[in-house]
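Could you fit the two chains together into a complex? Lean on the hints.
Going down the list, the protein sequences come from chains H and B.
Mapping to the numbering used here: the first sequence position 47 is 108, numbers consecutive.
Mapping to the numbering used here: the second sequence position 163 is 741, numbers consecutive.
Keep in mind that the hints are not guaranteed to be accurate.
[Stated by the list, open to error] Okay, the calculated beta carbon distance ranges per label pair:
{"#": "1", "chain 1": "H", "residue 1": "P82", "chain 2": "B", "residue 2": "E596", "range": "25 to 35 Å"}
{"#": "2", "chain 1": "H", "residue 1": "D201", "chain 2": "B", "residue 2": "I611", "range": "57 to 67 Å"}
{"#": "3", "chain 1": "B", "residue 1": "G1081", "chain 2": "H", "residue 2": "N80", "range": "21 to 31 Å"}
{"#": "4", "chain 1": "H", "residue 1": "R94", "chain 2": "B", "residue 2": "S1063", "range": "41 to 51 Å"}
{"#": "5", "chain 1": "H", "residue 1": "P82", "chain 2": "B", "residue 2": "E1009", "range": "40 to 50 Å"}
{"#": "6", "chain 1": "B", "residue 1": "S766", "chain 2": "H", "residue 2": "T181", "range": "39 to 49 Å"}
{"#": "7", "chain 1": "H", "residue 1": "S187", "chain 2": "B", "residue 2": "V890", "range": "53 to 63 Å"}
{"#": "8", "chain 1": "B", "residue 1": "V764", "chain 2": "H", "residue 2": "R225", "range": "28 to 38 Å"}
{"#": "9", "chain 1": "B", "residue 1": "P656", "chain 2": "H", "residue 2": "R208", "range": "31 to 41 Å"}
{"#": "10", "chain 1": "B", "residue 1": "G699", "chain 2": "H", "residue 2": "E204", "range": "30 to 40 Å"}
{"#": "11", "chain 1": "H", "residue 1": "A224", "chain 2": "B", "residue 2": "V890", "range": "44 to 54 Å"}
{"#": "12", "chain 1": "H", "residue 1": "S218", "chain 2": "B", "residue 2": "P770", "range": "40 to 50 Å"}
{"#": "13", "chain 1": "B", "residue 1": "E1009", "chain 2": "H", "residue 2": "E106", "range": "46 to 56 Å"}
[To be verified] If you want a taste of the chain B side facing chain H, the calculated C-beta under 10 Å gives, among others:
{"#": "14", "residue": "F692"}
{"#": "15", "residue": "K889"}
{"#": "16", "residue": "R1094"}
[Unchecked claim] Derived pair list, reagent style DSS-like, types lysine-lysine, alpha-carbon separation capped at 27 Å:
{"#": "17", "chain 1": "H", "residue 1": "K135", "chain 2": "B", "residue 2": "K902"}
{"#": "18", "chain 1": "B", "residue 1": "K712", "chain 2": "H", "residue 2": "K135"}
{"#": "19", "chain 1": "B", "residue 1": "K646", "chain 2": "H", "residue 2": "K135"}
{"#": "20", "chain 1": "B", "residue 1": "K1140", "chain 2": "B", "residue 2": "K1115"}
{"#": "21", "chain 1": "H", "residue 1": "K135", "chain 2": "B", "residue 2": "K892"}
{"#": "22", "chain 1": "B", "residue 1": "K712", "chain 2": "H", "residue 2": "K81"}
{"#": "23", "chain 1": "H", "residue 1": "K81", "chain 2": "B", "residue 2": "K753"}
{"#": "24", "chain 1": "B", "residue 1": "K1140", "chain 2": "H", "residue 2": "K81"}
{"#": "25", "chain 1": "B", "residue 1": "K889", "chain 2": "H", "residue 2": "K135"}
{"#": "26", "chain 1": "B", "residue 1": "K778", "chain 2": "B", "residue 2": "K646"}
{"#": "27", "chain 1": "B", "residue 1": "K937", "chain 2": "B", "residue 2": "K1115"}
Just so you know, these hints were derived from the structure itself, not from any lab.
For glycine and all other residues, C-beta sits at the position ideal for the given N, C-alpha and C.
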Amino acid sequence: MDEANGGAARHSLSLYVANKPGVLIRVALVFSRRGFNIDSLVVSETQDPRYSRMNIVARGERETLVRILGQLNKLVDVIHARDYSYEDVIQKELALVKIDCPPERRAEAFQVMEAFKARTIDLAESTLAVEVTGSSEKLDAFETLLRPFGIRDMVRSGKLLMARGTETT
Amino acid sequence: MGTSQLTGAEALVEIMIEQGVEFVFGLPGGNVIPIYDALVGRKVQLVLTRHEQGAVHMADGYARATGKVGVALVTSGPGATNTVTGLFTALMDSVPLVVICGQSPTFVLGLDAFQEADVSGITYACVKHSYLVKDVQDIPRVLREAFYIASSGRPGPVLIDMPKDISGKVLLEAKPEAFHLPGYAVPSEGDPAAVAAVAKALKAAQRPILLIGHGAAISGASVEVRELVERMRMPAVSTLLGKGVLPESHELSLGMLGMHGTAYANKAMVACDLVMSVGSRWDDRIVGSYSEFCKGAVKIHVDIDPAEMDKVVKVDIGVVGDAKAVLGQLLPLIERGDTEDWVKQVERWRREYPLAYRKEGKVRAQHVIQELRALAGDKAVFTTDVGQHQMWAAQYVGSESARNWISSGGAGTMGFGFPAAVGAQLGRPGELVIAIVGDGGFQMTLSELATMRNLDLPIEIIVINNHYLGMVRQWQNMFYDDRYSGVDLEGNPDFARLAEAYGVRGYRITRPADVRRVLKAALEHEGPCLVDAEVEKHDNVFPMIPAGAPLRDMLLGPPRRKLEKPTGGT
Chain H
62 MDEANGGAAR HSLSLYVANK PGVLIRVALV FSRRGFNIDS LVVSETQDPR
112 YSRMNIVARG ERETLVRILG QLNKLVDVIH ARDYSYEDVI QKELALVKID
162 CPPERRAEAF QVMEAFKART IDLAESTLAV EVTGSSEKLD AFETLLRPFG
212 IRDMVRSGKL LMARGTETT
Chain B
579 MGTSQLTGAE ALVEIMIEQG VEFVFGLPGG NVIPIYDALV GRKVQLVLTR
629 HEQGAVHMAD GYARATGKVG VALVTSGPGA TNTVTGLFTA LMDSVPLVVI
679 CGQSPTFVLG LDAFQEADVS GITYACVKHS YLVKDVQDIP RVLREAFYIA
729 SSGRPGPVLI DMPKDISGKV LLEAKPEAFH LPGYAVPSEG DPAAVAAVAK
779 ALKAAQRPIL LIGHGAAISG ASVEVRELVE RMRMPAVSTL LGKGVLPESH
829 ELSLGMLGMH GTAYANKAMV ACDLVMSVGS RWDDRIVGSY SEFCKGAVKI
879 HVDIDPAEMD KVVKVDIGVV GDAKAVLGQL LPLIERGDTE DWVKQVERWR
929 REYPLAYRKE GKVRAQHVIQ ELRALAGDKA VFTTDVGQHQ MWAAQYVGSE
979 SARNWISSGG AGTMGFGFPA AVGAQLGRPG ELVIAIVGDG GFQMTLSELA
1029 TMRNLDLPIE IIVINNHYLG MVRQWQNMFY DDRYSGVDLE GNPDFARLAE
1079 AYGVRGYRIT RPADVRRVLK AALEHEGPCL VDAEVEKHDN VFPMIPAGAP
1129 LRDMLLGPPR RKLEKPTGGT
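Only chain B is shown next, with the shape it has when bound in the complex (with noise of 0.2 Å):
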């Protein structure tokens, strides 16, 4: 800590350097003013923001993209409650954030003074942790605690409460206190009984497959999972988040299963023997019906998270720690199963069963996010949002890094993508972000043009334009007699001319012999710019698993007959 005498605020603003914070995303108010004042001159850069919820995704797309903790800083009442979509979506996700949230003074707490929410009671089922600072004394240990919270174990957002009266007294000089949470443990390597048993059961295997989730992006295990898949010769699948751990051109990587995954991963799950999840919670999107979910397998569970463990799905063995601590346990271990067999059969489905789309006629989402992930190369960072497009970028866009991927999983956010790729391409600067979003999703948050335009952050907006809240329509085509209700986006606006008003630069792709050359000339811009591809609008995302029920019944293409409604959520 510095040498004279500092305000809360300014500790404040030394413990975030400290922590070698960069980028501060945010929106001032009245009861936050104090620490923006003591952001002036910083080594701290503040990036303000158009609303609340696009500080809460940069900082979330900063953190994914970076693997570092992403701050926020807002002020109270409604700049606080705007902040709630982002906490969720970072709990859901186990993305490290730190809020911090400007709060009325202590002494007209509870009295509901002007801009004054009670923040800390709306958060709590969205935070890992929360703080209500009612001493400035405490400021340095709380944001010390705050961000190794945010940051260790299953990482998620820590909100911080900060009164203006606290943020403004002077701090008297203290030694620094050291942190003591004697309820927070942080596993890292894992029970060398379970591991050893874990070796067993994989020599035993005939049609193993390994699970690969964002837990194994998060700890940065993508060597010793690369290590596993090749010397077990064990094909691997991942979730949403997992995509990249395993580069997909890897030859035994099946890409993502689930509801909307590869066929062939699909297949492959119906028929292993064992399945060794590291670092995914067996999401529904992924399992379908918890009762069918590769029954008659060995099910194997590595995750930090202790309350993951049979939480769903009942496992055999259940590993706790992190996942690049538990397989480096687990690599000197293994002995190679016969698994030739199988790594053939899984090689016929996907050759039999590869994803496809309709090449004819209007422009096709799939073709647009096919060939810009081919113009884009292996190194671009994409960013999506929520919906149709994300699932088909999900899987047209063969990721070959874990943080080249982002986007909102457990949440489902719509609204998340551009702010995300904001935060991503602040925190890669020099390379290229690429946001995919839907028409619906990024009328959400797409205010922070004006952020990116500021920064000029050369980001390519790509909009997968159907005029439709789309995987809603599909879903009411599907299961709902094709009865729309709420989904037609009329009155849509020109996105590249919106672009422009921004000083954004606009282009449009309206027939298929546009795609490479506008998608080419969008790449070479330099600087910002924005892609509206009209798109073909009945479109539905295939392969499709109608949610709750098994792998095995998934569908490749349009039903002949009519279906039942999903017994799953959403």
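Isolated chain H, as found in the complex (with noise of 0.2 Å):
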């Protein structure tokens, strides 16, 4: 965590809600009152399709975070938040990145591609499109290897967030 940049670090929240409408804005609040900008958010079904499980990443001062967290459990439809952050979890995340790709480069972007295990999706002409997954940290090391190529188009799925061994979420 990087608490050195002006306190604002990254924070991995993990919420047990109800699956219905009203919830996500209701969360969503919370942050933006204190003026929290969300970085990323996951929303899905669990196994048990009465709750949804939101993986959040925020950046902000961990002081106010604690009380996010508290506000977050006050409402009703949360079953419960937790922060992730200074946890050893399971944590991965997928990006799709298409790039500027002609014939000539193929080979380097396959370099690239290999050393993270990235799958070619969609080959064309003048593009390529690849899948990677893993750690939000090797995402944005992919990013940045891949930028001289030109990136055309991104989208990340967001943090996802599982609790090791016999403990759940």
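Shown next as structure tokens:
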């Protein structure tokens, strides 16, 4: 965690919430009221269709985040909200990146892709679309290396979290 | 539930009766007609207000005066948006309300239909919880959940958005569905280890102070608070909303602390070596400067809301639990420390720095309020609006019981006091209810004079009339070089004659010699009345701690030198 940077570290939260309309906005309001920007947000159904999982990455001061967690846990529709920033958990993210890639640069691109275990998902005359998974930091590094090719389009899933072993998230 | 088939609206009224609702405050419109129809001839009394803000404040005053859930029923669109101030007021002060809004039929939701507003979207930030009902079968469960959530834990307002087609549909006979709220926990007793630590800290303290907040009033902890204070010989201060939990005539009560609190309460806060808050949230009006607040003192916080722990003041011992339950756990453990010197010191401050005001010249607001309190006796219920008169009332209306003092604290909502008195009087029939209001705030909701008149409620309205938005004028006078901007209420009506126009008896106080005589006549008058007290225009409220400043910077009277603009808000 980069707390030296003005105290504004990145935080990875996991919320277990009721699967109902309006829950997302209630959660988002807790962040926006304190001027916290949400960097990424993933919402999906869980194994139990009555509940959803939210994975949120947000940047801000840790003290403010503790208050935000308190406010999140206070919401009737939030079963629990936890900060996993300082814990060893499974973290994955997926990115799709489309770059400019004329035939003469393909070999170079494949070399980078191989290092990151990325897969080709669309190959056209002058472009190449690839898929890569891993930690958010790995995806950041991958993006940096592809930038010289010219990134035409990129979409990232946002960070997914899961507790290790028998522990539930 | 009844035997035969009910519409959603009828089921809604059934559940209200089941929940013990006596009054529904509101004003109808197209999308709520089915529910108003279902109220005809039922045991729930409809109170027709003149504005939806008045309806929500009445429900709020009723709830604060009785401890029950207040209910408001309004229509969609503007009817619903007019409730926002009332919802916010109730949320800030933890008041249990259920506000039901009619809504456009589900088949036009989101299509900009006539009087359709996204009420859920507008109110998310000022409710404890809310519902948009899209299936008539959900109505009984939603209503029961709403009453439960509003009144349990840290209470608050719950909004139900009820589309017209849903309230009009027939409900199939179904067995009552138990509700399941896995994300909603209601703390009761505190962690025994933390409670034991509190007992230990109390025993060790030589200069302890108990800080009584609204939470102590809500949980009904008066008996426990009194026992704690007496057995520990521990002086107590209260927040604006904690007034009366410990009778203010009690020898260990120092009255209200904070920005306009008593000098002796604030001096005790500065000097204490332990402060124990029961149900207060260390609001900026009482703390002043967070970093300077009770520096060096052991801080203990008892609160039912875990999100309040360490929110603004870092505490040494936090106990999450209901005030009454936690004090019940604590009392068997406490052992009295040595506080006699401290109690004597506090007594000296009380004698040296009493509340005081200048009595010469024009009528003084403090004089009116002090006389009113003396004539009304210990049992009267007082409501206030927001501003200078509110602070003077907080200083001079000693409260002997928690539910006898009703004021908008956290939100500071002008226009609250008078409609709150209407709700309080309905909830406490036969008791003396007095609304102390300013000329500014009163004009925001005075249309409810008609509501009061229709119900023939014997409320006394005392208008502390200084022809100014006095608290802002005070700030402009003290911190902005006397540059008045937007505070002169030129064009005020003659309030006594206005009252008469509504069929409410009007009185006027213009000279100090009038005060006692007129107030006595007003109190003896049966039925609603209003007293317009023309008071000195330029009086400021003292003591005063400039916003954001530490408590030791308290001003006991007009400052001799020019002051810096305060660092704290409003």
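Quiz item: Could one say that the CB atoms of E1009/B and E106/H fall in the range 46 to 56 Å?
Solution: Hint holds: Cβ distance 54 Å, inside 46 to 56 Å.
Quiz item: Should the hint that P656/B and R208/H are 31 to 41 Å apart at their CB atoms be regarded as holding?
Solution: The hint (31 to 41 Å, Cβ to Cβ) is violated, given that P656/B and R208/H are roughly 53 Å apart.
Quiz item: Is 44 to 54 Å right for how far apart the beta carbons of A224/H and V890/B are?
Solution: Check failed, 32 Å falls outside 44 to 54 Å.
Quiz item: Does 40 to 50 Å hold as the CB distance between S218/H and P770/B, or does it fail?
Solution: holds, 46 Å
Quiz prompt | Outcome for the supplied range 57 to 67 Å, where the beta carbon pair is D201/H and I611/B | solution = holds, 58 Å
Quiz item: Taking the beta carbons of S187/H and V890/B, is their distance inside 53 to 63 Å?
Solution: holds, 58 Å
Quiz item: Quick one, are K135/H and K892/B close enough, alpha carbons at most 27 Å?
Solution: Satisfied, since the Cα-Cα distance of roughly 20 Å is no more than 27 Å.
Quiz item: For the pair G1081/B and N80/H, does the Cβ-Cβ distance stay inside 21 to 31 Å?
Solution: violated, 55 Å
Quiz prompt | Status of the R1094/B interface restraint (C-beta, 10 Å, chain H) | solution = violated, 49 Å
Quiz item: Would the pair K1140/B and K1115/B pass a check requiring their Cα atoms to be no farther apart than 27 Å?
Solution: Holds, at about 21 Å.
Quiz prompt | Proposed interface contact between K889/B and chain H, which counts if any beta carbon pair is under 10 Å | solution = holds, 6 Å
Quiz item: Given the hinted pair K889/B and K135/H, is their alpha-carbon gap at most 27 Å?
Solution: Between K889/B and K135/H the Cα gap is close to 13 Å, so the pair holds against 27 Å.
Against the hints set out earlier in the document, violations occur for numbers 3, 4, 6, 9, 11, 14, 16, 24 and 26.
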